[in-house]
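Novice: Next come the chains, spelled out residue by residue.
Number of protein chains: 2
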Amino acid sequence: MLSKSTISLLKSLQQKKFRIEHGLFLVEGNKSVTEFANSSYQIEAIYHTAAIDPKLLKLSGKINFTEISLNDLEKISSLKSPQEVIALVKIPAFPILNTTALKGKFAIALDGIQDPGNMGTIIRTADWFGIQHIICSADTVDVYNPKVVQATMGSLAHVNIYYVELAEFLGSINMPLFGALLDGSNIYKTDFGTEGLIIMGNEGNGLRPEIIKLVQKAVTIPRGGNAESLNVGIATAIFCSEIKRNSYK
Amino acid sequence: MLSKSTISLLKSLQQKKFRIEHGLFLVEGNKSVTEFANSSYQIEAIYHTAAIDPKLLKLSGKINFTEISLNDLEKISSLKSPQEVIALVKIPAFPILNTTALKGKFAIALDGIQDPGNMGTIIRTADWFGIQHIICSADTVDVYNPKVVQATMGSLAHVNIYYVELAEFLGSINMPLFGALLDGSNIYKTDFGTEGLIIMGNEGNGLRPEIIKLVQKAVTIPRGGNAESLNVGIATAIFCSEIKRNSYK
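Sequences listed follow chains V and D, in order.
Just so you know, the first sequence maps onto residues 3 to 251 in our numbering.
Just so you know, the second sequence maps onto residues 3 to 251 in our numbering.
Since the hints were derived computationally from the structure, they do not count as laboratory data.
Be aware that a few hints might be false.
Residues on chain D that point at chain V, a partial pick, calculated with CB under 7 Å [to be verified]:
no.	residue
1	His-24
2	Trp-130
3	Asn-162
4	Ala-229
5	Arg-247
When the alpha-carbon atoms are kept at most 25 Å apart in a straight line, the in silico SDA-like pairs for lysine to any residue are as follows [said to hold, decoys possible]:
no.	chain 1	residue 1	chain 2	residue 2
6	V	Lys-33	D	Ile-70
7	V	Lys-64	V	His-160
8	D	Lys-251	V	Ala-220
9	D	Lys-149	V	Asn-147
10	V	Lys-149	D	Lys-251
11	V	Lys-215	V	Asn-100
Far from chain V, by Cβ distances over 10 Å, these chain D residues were calculated [claimed, not checked]:
no.	residue
12	Leu-4
13	Ile-9
14	Ser-14
15	Asp-74
16	Phe-96
17	Leu-99
18	Asn-100
19	Thr-102
20	Tyr-165
21	Ile-236
Remember, predicted model here, so these are calculated numbers, not experimental data.
Even glycine gets a Cβ: it sits at the ideal position worked out from N, Cα and C.
Just chain V, same shape as in the assembly:
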């Protein structure tokens, strides 16, 4: 059984200010917890019901496991239907953005993405396509938000996320800057070359004017129907796919 104070601490981690205060976040579900357990993230504790994946328990040499009741699990979970296991994970120091690590590759830059589901899906999609770096404006949703962590399906453990002053960063880097805009050139006729940053904007407002000024090539996914816009997670995936298909030419 969990003490009241532990429950209170774990619940508080649904809010960013307490995640920052304690330097901790939660990861839920066998699949996601396994990904984090096998990554460089440091797991402080694992709380689980009897339904935990036995493979996870094999890690018990290094990790502190505590079996708890479903009732307690429901109290600390951020999910409507809690899964069988929740890990308490240490927030690492944000990685230093070494621009030479970006050279010869594609990375994603996000200008003010707000929806945790979109953010998580973008991280999962980047991981699928082998994109290792996502550079976010300072006001982009916190990547340790439980809904973001959930939507990444474990991919947060594989992708490097940076929070920066985006305009300053883009102004300083010597790489092709592609911006997703509604009035750019047709994505299907765009030569992305061999490296660059794909810059995606906020759900409602798109890219900020000061970011648009820095875009070297505006690119558009042409519309064939009636929808006014594409979801930003979907648009990001189509950019990733177009870059990926280049390697099969």
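Based on these hints, arrange chain D on the given structure of chain V.
Specialist: For chain D alone, coordinates are given in the frame of chain V:
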């Protein structure tokens, strides 16, 4: 002010059985309500606060408008942060699936999609790319679920959705059947031709064995990183994009 019984009716429409019983569903937000008001859907009533888009009020010749308090709006909304307007809309008779309408085009078939956000995003994406028909297995999430309606951002008003016995339907239609599978041929090397059905599977389980048997061409989005799978909404969008890019060759 809304009567208790009206509030109770409107709230009940968050559940499928009451939507079926009353033949009604709710649409929330200026943007989505405008799309429905300008479509062939029949709007029974519009409930709004003073913050309604004035353009919507111009439709008042045909529609019954009722100004309500934010408090009442919060009671009937399915959203955490309710928007300024909610429309009560009649569920139309499901359209008859006329297979000749599919000829010479691409359509999407969904085998048991469960997540309302995924379903809504797929409808919005289809609408963006000009895909007009989505054929769903009978156990696919109800398209009038408020979270589906919300995620379509109005595109539900533009796309035809059918619920069918999917295996029976696919067995009877004379069109190329492409299935999204993990062990198919590379999507970037696939010739989709000029017509066909793109069949997407359930979030956790993929396509059912009886559907896989009917697939004529298994197609895969190749993986370049570590993620185990792509979100089904993302995968559907990449298929739509690949078909669309053919028209720019």
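Novice: Please go over all the hints and tell whether each is borne out by the structure.
Specialist: Evaluated hints:
| no. | hint | verdict |
| --- | --- | --- |
| 1 | His-24 | violated, 25 Å |
| 2 | Trp-130 | holds, 4 Å |
| 3 | Asn-162 | violated, 12 Å |
| 4 | Ala-229 | holds, 4 Å |
| 5 | Arg-247 | holds, 4 Å |
| 6 | Lys-33(V) / Ile-70(D) | violated, 46 Å |
| 7 | Lys-64(V) / His-160(V) | holds, 20 Å |
| 8 | Lys-251(D) / Ala-220(V) | holds, 20 Å |
| 9 | Lys-149(D) / Asn-147(V) | holds, 21 Å |
| 10 | Lys-149(V) / Lys-251(D) | violated, 40 Å |
| 11 | Lys-215(V) / Asn-100(V) | holds, 24 Å |
| 12 | Leu-4 | holds, 28 Å |
| 13 | Ile-9 | holds, 24 Å |
| 14 | Ser-14 | holds, 20 Å |
| 15 | Asp-74 | holds, 26 Å |
| 16 | Phe-96 | holds, 20 Å |
| 17 | Leu-99 | holds, 19 Å |
| 18 | Asn-100 | holds, 20 Å |
| 19 | Thr-102 | holds, 20 Å |
| 20 | Tyr-165 | holds, 22 Å |
| 21 | Ile-236 | violated, 4 Å |
In the structure shown, a violation is registered for the earlier hints numbered 1, 3, 6, 10 and 21, in ascending order.
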